[in-house]
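All chains should be modelled from the sequences, with the hints used to inform the complete structure.
Protein sequences appear in the order of chains A and B.
Residues 1 to 111, numbered by the numbering used here, are exactly what the first sequence covers, in order.
Residues 1001 to 1113, numbered by the numbering used here, are exactly what the second sequence covers, in order.
Honestly, I wouldn't trust all of these hints.
[Said to hold, decoys possible] FRET-style restraints, in silico, Cβ to Cβ:
#	chain 1	residue 1	chain 2	residue 2	range
1	A	G2	B	P1040	23 to 31 Å
2	B	G1029	A	R44	19 to 27 Å
3	B	Q1045	A	N84	22 to 30 Å
4	A	T79	B	Y1039	29 to 37 Å
5	B	P1010	A	P104	22 to 30 Å
6	B	K1052	A	R107	36 to 44 Å
[To be verified] Short, incomplete list of chain B residues facing chain A, as computed with Cβ under 10 Å:
#	residue
7	F1034
8	G1043
9	T1093
10	T1100
11	G1104
12	K1105
13	G1106
[As the list claims (entries may be wrong)] Facing chain B, according to a computed beta carbon distance under 10 Å, are these residues of chain A, among others:
#	residue
14	I4
15	Q6
16	F88
17	L90
18	N98
19	R107
The set of hints was computed from the structure by calculation and includes no laboratory data.
Idealized CB from N, CA, C, for every residue including glycine.
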Amino acid sequence: DGGITQSPKYLFRKEGQNVTLSCEQNLNHDAMYWYRQDPGQGLRLIYYSQIVNDFQKGDIAEGYSVSREKKESFPLTVTSAQKNPTAFYLCASRTSYNEQFFGPGTRLTVL
Amino acid sequence: GDSVTQMEGPVTLSEEAFLTINCTYTATGYPSLFWYVQYPGEGLQLLLKATKADDKGSNKGFEATYRKETTSFHLEKGSVQVSDSAVYFCALTPNSGYSTLTFGKGTMLLVSP
Chain A
1 DGGITQSPKY
11 LFRKEGQNVT
21 LSCEQNLNHD
31 AMYWYRQDPG
41 QGLRLIYYSQ
51 IVNDFQKGDI
61 AEGYSVSREK
71 KESFPLTVTS
81 AQKNPTAFYL
91 CASRTSYNEQ
101 FFGPGTRLTV
111 L
Chain B
1001 GDSVTQMEGP
1011 VTLSEEAFLT
1021 INCTYTATGY
1031 PSLFWYVQYP
1041 GEGLQLLLKA
1051 TKADDKGSNK
1061 GFEATYRKET
1071 TSFHLEKGSV
1081 QVSDSAVYFC
1091 ALTPNSGYST
1101 LTFGKGTMLL
1111 VSP
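What follows is the structure, encoded as structure tokens:
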């Protein structure tokens, strides 16, 4: 079955640590996205990538970094510079019809 | 810039009631419009979409019509079920080139038996 996987489902981070969230898709989509979701805030775009080896900042990129070395993979690193990283993180990829398909999400908690 | 405004929730209904969740948007040109649904602890699922004025998107009993004159894309369902309890997001994307989604803040729907 084609789809998007994210791991881990739950992640705990100590203050000052960097953590990396995994996102993999086997849908053969060129474009991939990372969103952050906070209660009552909707989704906010962190980074997106339209093609391998290229990515752009979204609305809230500070304290985050990404890479896009393979079409299938778009990992997100939450760095120690992100002051309030506790949130639900969602990865998505996009079809040629502008439809985005989402993974199941990773819930990050800072201890 | 583009924006999406949804009615605040929670919307609380009894099973078999009629559902309307309002969504209005601000955008240049003619965007594509979407409704996504999120069940507790999960990612978003595409529910329906419309790509041009007067298009009606429909799926699983839900419908929404793209109204250019009122810049609206209200979600409706004739008879809700307990299993419809979720958060619903309205979103838009410009129809030009590669583009990102702009989401509303979401509306929680709670359906009681």
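**Study point:** Hint validity - B:G1106 Cβ closer than 10 Å to any chain A Cβ
**Key:** Hint holds; B:G1106 Cβ to chain A Cβ min 5 Å, cut 10 Å.
Check your understanding: Within 36 to 44 Å or not, the Cβ separation of B:K1052 and A:R107?
Key -> Once the Cβ atoms are compared, 37 Å apart, the range 36 to 44 Å for A:R107 and B:K1052 holds.
Check your understanding: For the hint on B:T1093, does the least C-beta distance to chain A fall short of 10 Å?
Key -> Holds: closest Cβ of chain A sits about 5 Å from B:T1093, inside 10 Å.
Review point. Going by Cβ atoms only, is B:F1034 closer than 10 Å to chain A?
Key: 7 Å, holds
Review point. With 10 Å as the cut and Cβ atoms as the points, is A:R107 at the interface with chain B?
Key: Holds - the Cβ of A:R107 comes within 10 Å of chain B, reaching about 8 Å at its closest.
Practice item. Grab the minimum C-beta distance from A:N98 to chain B and call the hint holds if it beats 10 Å, violated otherwise. Key: 5 Å, holds
Check your understanding: How does the Cβ-Cβ distance of B:Q1045 and A:N84 compare with 22 to 30 Å: does it lie in that range?
Key -> 27 Å, holds
Exercise for review: Have a go at the A:Q6 hint: is there a Cβ in chain B nearer than 10 Å to its own Cβ?
Suggested key: 8 Å, holds
Check your understanding: So the hint says 29 to 37 Å: do the beta-carbon atoms of A:T79 and B:Y1039 match that?
Key -> Holds, since A:T79 and B:Y1039 (Cβ atoms, about 31 Å apart) stay within the stated range.
Review point. If you check the beta carbons of A:G2 and B:P1040, does the distance land in 23 to 31 Å?
Key: The hinted range 23 to 31 Å holds for A:G2 and B:P1040, with Cβ atoms some 24 Å apart.
Check your understanding: Per the hint of 22 to 30 Å, is the separation of the Cβ atoms of B:P1010 and A:P104 within bounds?
Key -> Given range 22 to 30 Å: holds, Cβ gap about 23 Å.
Exercise for review: Note whether the CB distance of B:G1029 and A:R44 lies within 19 to 27 Å or breaks it.
Suggested key: Given range 19 to 27 Å: holds, Cβ gap about 23 Å.
This entry satisfies every hint, going by the numbered hints stated previously.
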